[in-house]
Amino acid sequence: MLDKYGIAKRIAKEIQDGYYVNLGIGIPTLVANYISEDINVMLQSENGLLGMGPFPYEGEEDADYINAGKQTITTLPGSVFFDSAMSFGMIRSRKIDLTILGAMEVSEQGDIANWKIPGKMVKGMGGAMDLVASAQNIIVAMQHVNKAGESKLLSACTLPLTGIRCVKKIVTELGVFDVLPQGGFKIVELHEGVTLDQVRYSTQGKLVE
Amino acid sequence: MINKSVSNALEAIREVKSGMTIAVGGFGLCGIPENLIAALMAKDLKELTCISNNAGVDDFGLGLLLQRRQIKKMIASYVGENAEFERQMLSGELEVELVPQGTLATRLMAGGYGLPVVYTPAGVGTEVAEGKEVRTFKFHGVEKEYLMEYAFEPDFALVKAWKGDRTGNLIYRGTAQNFNHAMAMCGKITIAEVEELVEPGVLDPNFIHTPGVYVHRIFQGENYEKRIEQRTFRPKE
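Going down the list, the sequences are from chains V and U.
Residue numbers 1 to 209, in the working numbering, belong to the letters of the first sequence in order.
Residue numbers 1 to 237, in the working numbering, belong to the letters of the second sequence in order.
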């Protein structure tokens, strides 16, 4: 079984040389720490930056340099700033190779819900709906079950949707799963110490073993 | 030479009236027009409809106008940093339209490009699609559904740039560009505040972000706080 750092480390293996990658908030942000130094990757921040670097050293922070999570960041050689309309232009026109984001629920059809819990505070969808509607390659990083112990891999999402038929791959603390075009969560690998029974027990949607 | 410079924020917003729709630049607190927001507050305009990616925090940015009940309706993509916003929304005092961030930026852009509508796949199959025209296009080699979204035509756009000249040409810095460029382009009247206002000819025409034709008033702001929401560091090596 993996912790959130382990999930991030596993997802980093999916990133290939030359990729432009958009990382969402939460576990996806951690992925940046595990990208191999042998490959060249550009991180996109949808508020208008390609080539995002690490956090600044204390005292070197700059209010004009932030990421989509409003955290202070730095740039790298080759970085470029642009406006919000162009930022989503490059997302819609498929220039971004990989999008990694968190989710509250994913359905066996690849539907994703990650922006709203009715009756509770609605914070807004931010850029998530745009990203999932256009990205060709979406990996979801999340826990297999929610805090109440209920499966987040479902036959159908119960929460308001962010996008439909878009998730291709899910990495949880239990394993790696492909969402099949015909529907279903195909087990690609189980993490060390995880049994098939554990995955069956924690997956409500159709599992393809 | 066309001179659009005015002396300060209050003079710049002279024609802004209660009940108008205004686009306000910035992403979080980065690149927000601090002086213009303060002027809206000082003039105590009411019933405003604000188009802005976020709603500020409780005591800064658009949060200042929310505290004073100056905003009737908020059109935004993410409003999670503001407790007063949450209170007003849940009590029904504030009308809220949540728009996907790319759709928001693109509707602003469309206004500035003279296009009444755009089609975007964002929100297809979700509650964002309710009541909207859906069309199928073959694009990028695949058939896919798209939502028709209308361009924004705000009465005023209030933006912040790093440098500008008296003809209204603007240059932004870093990620403070964000929504400011698209908003500047779509305002019926666009007001820009800049950290440094220079004479025409000083800025290299090769490196202007927003051409001055889109800007109607410009002034040099003062006392920029440039507050940071999430101060994050890496350890010293």
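For the record, the hints were derived by calculation from the structure and aren't laboratory data.
Treat the hints loosely; a few may be bogus.
To be verified - Here are the simulated SDA-like pairs of lysine to any residue, each with C-alpha atoms no more than 25 Å apart in a straight line:
#  : chain 1 : residue 1 : chain 2 : residue 2
1  : V       : 120       : U       : 95
2  : U       : 132       : V       : 165
3  : V       : 95        : U       : 95
4  : U       : 144       : V       : 165
5  : U       : 163       : V       : 63
6  : U       : 144       : U       : 163
7  : U       : 226       : V       : 116
8  : V       : 116       : U       : 236
9  : V       : 95        : U       : 226
10 : U       : 226       : V       : 25
11 : U       : 72        : V       : 119
12 : U       : 236       : V       : 79
13 : U       : 226       : V       : 196
14 : U       : 163       : V       : 74
15 : U       : 236       : V       : 75
16 : U       : 188       : U       : 47
17 : U       : 236       : V       : 118
18 : V       : 169       : U       : 142
19 : U       : 236       : V       : 34
20 : U       : 144       : V       : 204
21 : V       : 116       : U       : 163
22 : V       : 116       : U       : 133
23 : V       : 123       : U       : 142
24 : V       : 120       : U       : 69
25 : V       : 123       : U       : 236
It should be emphasised that the depicted structure is a prediction, and the values quoted were computed from it without experimental measurement.
Going down the list of hints, with the structure as the test:
1. A threshold of 25 Å between alpha carbons decides the hint, and for residue 120/V with residue 95/U the separation of about 17 Å falls inside it, so the pair holds.
2. A hinted pair counts as satisfied when its Cα atoms are at most 25 Å apart, and residue 132/U with residue 165/V qualifies at roughly 20 Å.
3. Straight-line distance between C-alpha atoms of residue 95/V and residue 95/U comes to about 36 Å, which puts the hinted pair past the 25 Å bound.
4. Between the alpha carbons of residue 144/U and residue 165/V the distance comes to roughly 11 Å, so the proposed pair stays at or under 25 Å and holds.
5. Annotation: proposed proximity of residue 163/U to residue 63/V holds, straight-line Cα distance about 16 Å (limit 25 Å).
6. A distance of roughly 42 Å separates the Cα atoms of residue 144/U and residue 163/U; the hinted pair therefore is violated under the 25 Å criterion.
7. Pair hint residue 226/U plus residue 116/V does not hold up; C-alpha atoms about 30 Å apart against a cutoff of 25 Å.
8. Distance check on the hinted pair: residue 116/V and residue 236/U sit about 38 Å apart at the alpha-carbon level, beyond 25 Å; violated.
9. Proposed proximity of residue 95/V and residue 226/U is contradicted: the alpha carbons are some 32 Å apart, above 25 Å.
10. At roughly 23 Å between alpha-carbon atoms, residue 226/U and residue 25/V fall within 25 Å of each other, so this suggested pair holds.
11. Simply put, residue 72/U and residue 119/V have alpha-carbon atoms about 22 Å apart, close enough for the 25 Å limit, and the pair holds.
12. As the CA atoms of residue 236/U and residue 79/V are separated by approximately 23 Å, the hinted pair is consistent with the 25 Å bound.
13. For the given pair, residue 226/U sits about 52 Å from residue 196/V by alpha-carbon distance, which is inconsistent with the 25 Å threshold.
14. A C-alpha spacing of about 21 Å is found between residue 163/U and residue 74/V, which places the hinted pair at or below 25 Å, so the restraint holds.
15. A distance of roughly 17 Å separates the Cα atoms of residue 236/U and residue 75/V; the hinted pair therefore holds under the 25 Å criterion.
16. The hinted pair formed by residue 188/U and residue 47/U meets the criterion: a straight-line CA distance of about 19 Å does not exceed 25 Å.
17. Of the supplied pair hints, the one linking residue 236/U and residue 118/V is violated, its CA atoms being roughly 43 Å apart against a limit of 25 Å.
18. Note on residue 169/V and residue 142/U: the hinted pairing holds, with a Cα-Cα distance of about 21 Å set against a maximum of 25 Å.
19. With a C-alpha separation of about 19 Å, the suggested pairing of residue 236/U with residue 34/V holds against the 25 Å cut-off.
20. For the hint linking residue 144/U to residue 204/V, the alpha-carbon distance of about 29 Å lies beyond 25 Å, and the restraint is violated.
21. Between the alpha carbons of residue 116/V and residue 163/U the distance comes to roughly 39 Å, so the proposed pair goes past 25 Å and is violated.
22. Simply put, residue 116/V and residue 133/U have alpha-carbon atoms about 23 Å apart, close enough for the 25 Å limit, and the pair holds.
23. Distance hint between residue 123/V and residue 142/U is unfulfilled; the C-alpha atoms sit about 32 Å from each other, more than 25 Å.
24. At most 25 Å may separate the alpha-carbon atoms for a hinted pair to count; residue 120/V and residue 69/U meet this at roughly 23 Å.
25. As the CA atoms of residue 123/V and residue 236/U are separated by approximately 34 Å, the hinted pair breaks the 25 Å bound.
In summary, the numbered hints that this structure violates are 3, 6, 7, 8, 9, 13, 17, 20, 21, 23, 25.
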